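Enquirer: Each chain, letter by letter, is given below.
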Amino acid sequence: MVFSIALHFLRDRSAAEEVAQDVFLQLHRNLDGLDPGRVIFWLRKVTSNRAIDYVRKRKLRATISLEDAPEPRSAGAQPDLLLQGRLRSLIATLPEKPRMVMVLRYQEDVMPEEIARMLGMPVRTVKSHLQRSLAMLREKIDRSMGDIR
Amino acid sequence: MGDEERTDEFEKQLKAALAREEAPAWFEARVMNAVNQSGALKSRQGMALPHRRWQWVTAAAAAVIMIAAGNEWAHHVALEHIKQAHMDADQRAAGQAAKAKLLLAMRITSTKLAEIQQKVDEAQRND
Amino acid sequence: MRTVILGMIAILPLAAQEMKLPPRIEKLAEKASDVVDVNLDASMLRLASRFLSDKDPDEAKVKKLVTGIKSIMVKSFQFDSRGEYEQADLDELRAQWKGPGWSRIVGVRSKKDGENAEVFLKTDGDQVTGMAILVADPKELTIVNVVGPIDPEEVRDLPGHFGIPKVELGKSPLHNSSKSTKEDDR
Chain V
1 MVFSIALHFL RDRSAAEEVA QDVFLQLHRN LDGLDPGRVI FWLRKVTSNR
51 AIDYVRKRKL RATISLEDAP EPRSAGAQPD LLLQGRLRSL IATLPEKPRM
101 VMVLRYQEDV MPEEIARMLG MPVRTVKSHL QRSLAMLREK IDRSMGDIR
Chain B
1001 MGDEERTDEF EKQLKAALAR EEAPAWFEAR VMNAVNQSGA LKSRQGMALP
1051 HRRWQWVTAA AAAVIMIAAG NEWAHHVALE HIKQAHMDAD QRAAGQAAKA
1101 KLLLAMRITS TKLAEIQQKV DEAQRND
Chain Z
2001 MRTVILGMIA ILPLAAQEMK LPPRIEKLAE KASDVVDVNL DASMLRLASR
2051 FLSDKDPDEA KVKKLVTGIK SIMVKSFQFD SRGEYEQADL DELRAQWKGP
2101 GWSRIVGVRS KKDGENAEVF LKTDGDQVTG MAILVADPKE LTIVNVVGPI
2151 DPEEVRDLPG HFGIPKVELG KSPLHNSSKS TKEDDR
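Here the protein sequences line up with chains V, B and Z, keeping their order.
Going by the numbering used here, the residue at position 13 of the first sequence is 13; the numbering climbs one at a time, nothing skipped.
Going by the numbering used here, the residue at position 127 of the second sequence is 1127; the numbering climbs one at a time, nothing skipped.
Going by the numbering used here, the residue at position 104 of the third sequence is 2104; the numbering climbs one at a time, nothing skipped.
Among the hints, erroneous ones may be present.
Claimed, not checked - Below, computed lysine-lysine pairings styled on DSS-like, alpha-carbon distance capped at 25 Å:
| no. | chain 1 | residue 1 | chain 2 | residue 2 |
| --- | --- | --- | --- | --- |
| 1 | B | 1119 | Z | 2139 |
| 2 | Z | 2070 | Z | 2111 |
| 3 | B | 1119 | Z | 2098 |
| 4 | V | 97 | B | 1012 |
| 5 | Z | 2098 | Z | 2020 |
| 6 | Z | 2111 | B | 1119 |
| 7 | Z | 2027 | Z | 2139 |
| 8 | V | 97 | V | 140 |
| 9 | B | 1015 | V | 45 |
| 10 | B | 1012 | V | 127 |
Derived by calculation from the structure, the hints in this document are not laboratory data.
All values derive from a computational prediction rather than experimental measurement.
Looking at chain V on its own, in the form it has when it is part of the complex (with noise of 0.2 Å):
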């Protein structure tokens, strides 16, 4: 969970590491004064914060086109498999707070309200962020590759 969300929001397995490595030095530092029931909100909320972090020290910001984005592994690649790796290249070109936003929803499926405590925001930008999100998504997909079935 820790490793894949830092993975998809990242998009560099090594930074990857070395984001969820800090984040369990951090869970054993506090294991002691951390309810059990709260651990996974508060492994999802201190990742989501060291990868945001992280990304604005190190500033790499994805900025590949969709234009730009990876060729598929093999040519015969299933188009699902094509359209969730250009999804994945898409949602590394959003900001920080937005891709993270994207990241809890769709790989966690935390709910709106939670994944507002986690990243510290209202709950309306949150729906915000994904509403803006899923538009651009939508709108760059449709444009490369034709309607989804």
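Once you've looked at the hints, dock chains B and Z against the given chain V.
Expert: What follows is chains B and Z alone, placed relative to chain V:
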């Protein structure tokens, strides 16, 4: 396909695109090594921890490693470990509190009995 | 400054030997400037014993002393002025230590200082099965009730401080210290 259906389908693709990816096989070892090296197993004063604290920290480290392992079963086991460790910590606190109260009660009782004995001795000397 | 030390309330149903503190005695806490209130039932005593060190001589003695004890109750009230409790309150207490098996083994009274100290033992054949202590000073009242096998002499002779500062309750003429320290249970 209607708009709502298209949205649902699109969100399904998003979920598939963002499906969880497992950490590399050696990631657990990396976390354990980092925990060891961080000095997290020592007290803040830099001294080796007493035995009981070591046990709690080791259990906590194991729990962290399990969570790092990433799969649902490991999470569940890890959370059970954490809950058990918390219960152990709670029980230790309760035990220490009970001990303190017992010692206080014995101290008061002992003091009073000693005072009574002295009064008895004094009364007998005066007789 | 009023200090109230609250112990754990025994939830077990009252056994035949467990004493019932008269409501008027309980209410003395409202008038007292300091209160010590410790209640330890069998499970709390077992828990406490597990945390007593076998390596510390004082704690080891206590551990041995409390083996088999079913409950310990200590209540101590300190008052700023005289006359906060009445003899009738104490008589109600003493009545509980007059039942079968109970005998008063020590009674010391000082008319000059108004101090009164009593020790009661409950026996079953040769076995001691309970002990009660009542120390009534003008500005202090201490009640101890132990259910189970207890040796008063061994308790009296307990050495050391168990890491707790010496308890100086009231101004007993036998106290050499001129300080008046209050016990805080944390």
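Enquirer: Straight-line Cα separation of residue 1015 of chain B and residue 45 of chain V no greater than 25 Å?
Expert: Distance ~19 Å between residue 1015 of chain B and residue 45 of chain V Cα, so the pair holds.
Enquirer: Mind checking the alpha carbons of residue 2070 of chain Z and residue 2111 of chain Z for me, to see if they're no more than 25 Å apart?
Expert: violated, 36 Å
Enquirer: Given the proposed pairing of residue 1119 of chain B with residue 2098 of chain Z, does the C-alpha separation stay at or below 25 Å?
Expert: holds, 23 Å
Enquirer: Would you mind confirming whether the straight-line C-alpha gap from residue 97 of chain V to residue 140 of chain V stays at or under 25 Å?
Expert: holds, 20 Å
Enquirer: Given the hinted pair residue 2098 of chain Z and residue 2020 of chain Z, is their Cα-Cα distance within 25 Å?
Expert: holds, 13 Å
Enquirer: Checking one constraint from the list: CA of residue 2111 of chain Z to CA of residue 1119 of chain B, max 25 Å. Satisfied?
Expert: Distance of about 13 Å is within 25 Å: holds.
Enquirer: Need the status of pair residue 1012 of chain B, residue 127 of chain V: alpha-carbon distance at most 25 Å?
Expert: holds, 18 Å
Enquirer: Tell me if the straight-line CA distance from residue 1119 of chain B to residue 2139 of chain Z falls inside 25 Å.
Expert: Holds, at roughly 18 Å.
Enquirer: Quick one, are residue 2027 of chain Z and residue 2139 of chain Z close enough, alpha carbons at most 25 Å?
Expert: holds, 15 Å
Enquirer: Verify the proposed pairing of residue 97 of chain V with residue 1012 of chain B, using a straight-line Cα cut of 25 Å.
Expert: holds, 22 Å
Violated hints amount to a single one, hint 2; each of the other numbered hints is respected by the structure.
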